[in-house]
Amino acid sequence: MTVSVRRPPRRPLVVASATLAGFALLALLAPVLIAPESLDVVTAHGPTLAPPSTRFPLGTDENGLSVLLLTLAGARLSVGVGFIAAGLAVVVGALAGVTAGVLRGRPAAALVWIMDWFLMLPQVPLAIAFVAVLSPGLTALVLVIVVTSWAPIGRVVRTAVLAAQAQPYLDRVRALGAGNWYIARVHLLSEVLPVIAVSAALALANAILAEAAFSYLGLGAPSEISWGSMLRQASVSGALTAGAWWYVLPPGLAVIIVVLAAGICANAISSASTQQY
Amino acid sequence: MISRTARTGGTVESGDVRSGGVQRAGERMAGVRAAGMRSAGVRAGGTLWTRVLLALTGAGLRLSASLCLGFFLFHILPGDPVLSLASGHPVTAEALALRRRELGLDRPLLTQFGAYFANMLRGDLGTSFGYHRPVTDLLQERLWPTVLLVGTAAVVSTALGIWSGVLAGWRPDGRLDRFTSTVALVLWATPTAWLGLLLLIGLGTGVGPLPGWLPIGGLHATPAPSGLPATVLDVARHLVLPCLTLVAVQYGQYHLLIRASVITQRQHQYVAVARATGLRDASVRRRHVLPNALLPTTTQAFLNVGLVLSGAVAVEAVFSWPGLGYLAYEAVRIPDLPVLNGTLLVFCTAVILMNLIADLTVAWLDPRTVQ
Numbered sequence: 001m002t003v004s005v006r007r008p009p010r011r012p013l014v015v016a017s018a019t020l021a022g023f024a025l026l027a028l029l030a031p032v033l034i035a036p037e038s039l040d041v042v043t044a045h046g047p048t049l050a051p052p053s054t055r056f057p058l059g060t061d062e063n064g065l066s067v068l069l070l071t072l073a074g075a076r077l078s079v080g081v082g083f084i085a086a087g088l089a090v091v092v093g094a095l096a097g098v099t100a101g102v103l104r105g106r107p108a109a110a111l112v113w114i115m116d117w118f119l120m121l122p123q124v125p126l127a128i129a130f131v132a133v134l135s136p137g138l139t140a141l142v143l144v145i146v147v148t149s150w151a152p153i154g155r156v157v158r159t160a161v162l163a164a165q166a167q168p169y170l171d172r173v174r175a176l177g178a179g180n181w182y183i184a185r186v187h188l189l190s191e192v193l194p195v196i197a198v199s200a201a202l203a204l205a206n207a208i209l210a211e212a213a214f215s216y217l218g219l220g221a222p223s224e225i226s227w228g229s230m231l232r233q234a235s236v237s238g239a240l241t242a243g244a245w246w247y248v249l250p251p252g253l254a255v256i257i258v259v260l261a262a263g264i265c266a267n268a269i270s271s272a273s274t275q276q277y
Numbered sequence: 001m002i003s004r005t006a007r008t009g010g011t012v013e014s015g016d017v018r019s020g021g022v023q024r025a026g027e028r029m030a031g032v033r034a035a036g037m038r039s040a041g042v043r044a045g046g047t048l049w050t051r052v053l054l055a056l057t058g059a060g061l062r063l064s065a066s067l068c069l070g071f072f073l074f075h076i077l078p079g080d081p082v083l084s085l086a087s088g089h090p091v092t093a094e095a096l097a098l099r100r101r102e103l104g105l106d107r108p109l110l111t112q113f114g115a116y117f118a119n120m121l122r123g124d125l126g127t128s129f130g131y132h133r134p135v136t137d138l139l140q141e142r143l144w145p146t147v148l149l150v151g152t153a154a155v156v157s158t159a160l161g162i163w164s165g166v167l168a169g170w171r172p173d174g175r176l177d178r179f180t181s182t183v184a185l186v187l188w189a190t191p192t193a194w195l196g197l198l199l200l201i202g203l204g205t206g207v208g209p210l211p212g213w214l215p216i217g218g219l220h221a222t223p224a225p226s227g228l229p230a231t232v233l234d235v236a237r238h239l240v241l242p243c244l245t246l247v248a249v250q251y252g253q254y255h256l257l258i259r260a261s262v263i264t265q266r267q268h269q270y271v272a273v274a275r276a277t278g279l280r281d282a283s284v285r286r287r288h289v290l291p292n293a294l295l296p297t298t299t300q301a302f303l304n305v306g307l308v309l310s311g312a313v314a315v316e317a318v319f320s321w322p323g324l325g326y327l328a329y330e331a332v333r334i335p336d337l338p339v340l341n342g343t344l345l346v347f348c349t350a351v352i353l354m355n356l357i358a359d360l361t362v363a364w365l366d367p368r369t370v371q
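Protein chains in written order, with the numbering used here: chain A, 1 to 277; chain B, 1 to 371.
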């Protein structure tokens, strides 16, 4: 009997992952591509807060720097922090989730309780408290994103581990003498990996949104260029009252593009891994 | 579709799996359920009252954990709050020691913790470094603007999300669905502060020849108008932009949630039966599909409150809305540790309370979960 098979559409995944790769590359190469003096306030020579023109395609900021170059340079910190923080959160979350899924009894219940509690902590207020105590900087920024985003990953991974463990064939594997660690390594990993991949993509989206929010609130590294700090700079420098929309628009659009790309990746991975052929 | 991160996805089943981990069989059931049907959790042998008791105990434990977090963050991590208090001022060692004794910082940590806990329970949150006023007073003052903002935004965005989500889920992949779901997805990816700034420029200060026509910050005009109707109108005008921003970033999630829920309900036979009896689609949606689709969304709306509050902080910072978020935002610069401690506790308490309400509402709406 032939069954008509509808494969999940490939194109969005390709476009989205290419976009992510492009931004990652931009983050890596930004110092090579953009001359440092074109981002230096001292050597800035453009008109201040000028609307887009042929010389400055996206206009200039309050110091006469090109908004286009600032946005490109901002990718380094925004995307870089996003990848690092999301990576760390996935490692912590996956470890906690797998541990909670494999353990039995009170330890598992305790771990789940802790994850549930972390899940409830409101992200931005916690970040504000953390940074006020630790003093703002890149380390604090990454730390805060990890602290506020490992728990949801842990929960989802734990659920996946439980579902994977419920498969009947594992009883036979166990009867043949396989231990917990062996089963986790050989059998569960392949079923849990797609879930971790989806969580990782969503964590990236979240981390980049969080970076923008935290840096806007002044919780990021004070003198570094990032998309969030550009928004902060625009609002404290009086660009808003001057109606300088060209200063505000690009960093936010950049965030939207990266976050959407990460979200589309997550969606595509999850529909590909649950697809029944 | 993508819901705003695993964060929301995870909490939905928390009722399911939370009490699991007792027995292997129970774990398996939880796993299967979580993977497949995602039905509401069934706790073995529980009555309504045990459920209420369990929920209350859980909330109490979480609250205590949040208090401990506050102590850890503001009493153990900073090292010496007295030094940071005196930053920039020349102070003698004797003055520092005196201040330390006043604040009780020379006592052992355990004693400090006991005193902290007792003070918190009595509602004494200390005195603000920046305002030189009791933190409790400040919090009470700033609570209502936040409640007004978050409450209005929650009502509007839920209503919008329900309306468009039901229509979109009724005909998935239809023209309306494609449009609204794309909008919802883009809004999901939008940084809150950025949207606020754009609205502020577009509608507040005006772009080019277009004049701005809405106030761009604060709760009142200065000087505040006299008389009740004028005050209400004034506050409402100031509320428009912050509320619009918050509605926009919240709307997407509700839309996607309801849409997914309606798509699931749409496949049930009762819908076909209802339509076969000759009911118009609109009344099938309203009377049969919506009540069923609302159940998971109701809990989610309550559980989302942490996310909403986080968004509210950014919105309040953009529009200088004198609420709790703005209070916390301004306290970072000093840093005003007692105020930060107080706001964090209020936010945590709000989330815990909302979770408690969600837990009890589900028990009430869907008696199957209690049995």
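None of these hints come from the bench; they were simulated from the model. All residues carry an ideal CB built from backbone N, CA and C; glycine is no exception. Certain hints may be false.
What the hints assert, rightly or not - Selected chain A positions facing chain B (Cβ under 8 Å, derived; list incomplete):
| hint | residue |
| --- | --- |
| 1 | TRP117 |
| 2 | LEU217 |
| 3 | THR241 |
Stated by the list, open to error - Here are some chain A residues the structure puts well away from chain B; computed CB gaps all over 12 Å:
| hint | residue |
| --- | --- |
| 4 | LEU26 |
| 5 | ALA175 |
| 6 | LEU219 |
Would you check whether the claim that LEU219/A is not at the interface survives, using Cβ distances to chain B and the 12 Å cut-off? violated, 7 Å
Determine whether the non-interface label on ALA175/A survives the test: each CB of chain B must be over 12 Å from its CB. ALA175/A is indeed farther than 12 Å from all Cβ atoms of chain B, at 14 Å.
Does the claim that LEU26/A lies outside the interface with chain B hold up, using a Cβ gap greater than 12 Å? Holds, since 18 Å exceeds 12 Å.
Holds or violated: the hint that TRP117/A contacts chain B, with Cβ atoms closer than 8 Å. OK, holds: TRP117/A within 8 Å of chain B, min 5 Å.
Restraint outcome when THR241/A is required to lie within 8 Å of chain B by C-beta distance: holds, 6 Å
Would the stated hint for LEU217/A survive a check requiring a Cβ distance to chain B of less than 8 Å? Interface hint status for LEU217/A: holds (6 Å vs cutoff 8 Å).
Violation of the numbered hints given earlier is confined to hint 6; every other hint is satisfied by the structure.
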